[in-house]
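Number of protein chains: 2
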Amino acid sequence: MANFDLMRELARDEGGKIVLLVLDGLGGLPMGDYTQTTLEYANTPNMDRLAAEGTQGLSHPIARGITPGSGPAHLALFGYDPIARPVGRGILSALGIGFDLHYGDVAARGNFCTVDENGLITDRRAGRISTELALPLVEKLNNIQVDGIQTFVRSEKEYRFMLALRGEGLDGAIEDTDPQITGESPLPVKAATQGSERTADLLRAWVEKAQLALRGEYPANSFILRGFAQDPKLPKFDELYKLKAACVAVYPMYKGVSKLVGMDVLETGGDFTPEQEFQVVAGHWNDYDFFFVHIKPTDSRGEDGNFEAKAAVIEQVDRALPTLLGLNPDVLVITGDHSTPARLRNHSWHPVPTLIWAPATHLPDLTDHFGERQGQRGGLGQFPANELMPLAMAHALRLEKYGA
Amino acid sequence: MANFDLMRELARDEGGKIVLLVLDGLGGLPMGDYTQTTLEYANTPNMDRLAAEGTQGLSHPIARGITPGSGPAHLALFGYDPIARPVGRGILSALGIGFDLHYGDVAARGNFCTVDENGLITDRRAGRISTELALPLVEKLNNIQVDGIQTFVRSEKEYRFMLALRGEGLDGAIEDTDPQITGESPLPVKAATQGSERTADLLRAWVEKAQLALRGEYPANSFILRGFAQDPKLPKFDELYKLKAACVAVYPMYKGVSKLVGMDVLETGGDFTPEQEFQVVAGHWNDYDFFFVHIKPTDSRGEDGNFEAKAAVIEQVDRALPTLLGLNPDVLVITGDHSTPARLRNHSWHPVPTLIWAPATHLPDLTDHFGERQGQRGGLGQFPANELMPLAMAHALRLEKYGA
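Those protein sequence lines, which keep their order, are chains A and B. Position 139 (the first sequence) corresponds to 138 in numbering that gives the first Met the number 0; numbering is contiguous. Position 230 (the second sequence) corresponds to 229 in numbering that gives the first Met the number 0; numbering is contiguous.
None of these hints come from the bench; they were simulated from the model.
The list makes no distinction among identical chains, and a pair is therefore deemed to hold if it is satisfied within one copy or across any two copies.
DSS-like mimics (lysine-lysine), calculated; alpha carbons at most 30 Å apart, straight line:
1) Lys400 to Lys156
2) Lys400 to Lys189
3) Lys400 to Lys254
4) Lys400 to Lys235
5) Lys254 to Lys16
6) Lys400 to Lys232
7) Lys232 to Lys254
8) Lys254 to Lys156
Input sequences plus hints: build the corresponding full structure.
What follows is the structure, given as structure tokens:
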């Protein structure tokens, strides 16, 4: 991990500009007749030139063998330790749907469920009801009023929703009401610490009204809550790295994680292409020291199992790269947050191709094509993703020497 | 880090002889028309033979991206963790100038500064006065007498000096008097813990006299102190590794760090060449199990920005290597404490070429030239510098098996 004390001690408030370009789910595997990975197969003359001039390697998002979700994977890329300082599921749910989380809000992940006449759970996912069927129920829950706090309920997907509480002095140390098995009732709301007793009382009042509101519905006639959490109070980029940082992303989740670490979120359209995202960077080039640029469709096409379509996204990014390079960044990092091999149609644990190009400070390695197998022989070796930020900072000459 | 408990449990008091040859600032970068690093460019037939026969890799002195000073970098090479067990700046200052530090001494780094008529700092470095101008002031401060302790003041360089206190029961937990900004007074001496109240009292008496002594001087009419520290009480080589260890170095700093870890410091002349240093090893070959040999000018020429001169030093070491090899060491490690690329004229964070040659136990890798890019593909991979000592011990068959 980026050692926080060390970063605070060594970070300078001047130095080069850094661009961290993240192609979500970049890493892959060969598939069927494709003997190369998607990245190896894609035609990427610009990335290959950067690989030849710079240095590449493989990063492990969390630890060997661990497949990360996008939240922890991005926190690691930003230099945090998602195991030691986890971000609660409720917060990730809120970020994932782009909910405008305020500092101090308590958020939880909810599941609609089915209970029998005795209140015992018969289906923890309410028959996996569709988002369409769930929406009116979400609306009912969202309209519940409890004295002393504001409450918000938003649909996540199908039977899943987010609950957020807003008010003075709330405490997220609340135990799950999800018993994890059928044949039992949803658990009563329980404070996990003394400090959260008041929050538990307020929540209890909400839960009572919410259970009433769902009476008579079917199959979603009850709900369970888990992953109560508040903003994890991660040190922010300006304080930790002395970087004025901006996020350019299309999906809400990535904007949310960026906000958690103190980045400004620049405006984008929901259908922006890589070229358009890079134009946003160009438009704010003089305002920031650090740009996090997030490309989503590499992951989506990987999850679709569409090898060719994922390669096409990588090629689209490659064609747009001259727009970024024309800005003369001092450090350009190209990586993914995790692998999403089309063959597995899912995130995976495979280490992620990572390229550092920093013409004033890099040591060119002996590779000349950006990809997994070249990365195995690259100059960066294999390393934990959360050591990438100190490396990028060093290459931008933004870290003082440690000790005499 | 070398796991101290494990080392104590497993180290045998017999086994092969180890030579740790450190070329200070060995790692480098290509520069201008030089497409190779200095080490790759240098003509090193002996090192290349050792690389072909042995195994090489790259070591990270502190952590990825962190540029170390020579003190922490050497502690890492000796198997310690310079972050978890840092050696205070005062101790490094004392070691750096070759001051004969006694166990229990409290040392601090001092800066001469300029204060205005209200005692507020106007320049934290007293106009960066020259060493020549500072020397008479250092002498004044050195002559101050305080009842109950001995005090020592020595010039470091320009406006910087070292202060050491010697006496019974001193405690180094004293806060900096450096407010870190101009426009404020030097801070009063303050004990950081209850145990250091007496030391703070004694120091306060010294500071009062010292402030008086500088009254009327200009621009160095005051001073600030920071990095109060005592010997960090690191476990010593004989206790930790069961090694009788000796240091052969020309510069005081490296002799000092070696003393901190319990090495005997062998006598050298201030202008000794690598060949002469190796002759010192030869002269004491039967007296020790472990020799740390330090070569300084690789770092100095790197800091000069002189690519060719740094290569010439490496070649000089290479030509002298037969003297070392003629002693038939069981393990010869050749490495640096950090990189000092001539292109950057400074220490850097780039990982350091490291070669282990141990004919009875090494696994030859597929490389045949000692250098950074070959190291990227070498048998040692990339590893933290403070894991080098256990590796060297193992290759000397000095570590027992762990567990049944």
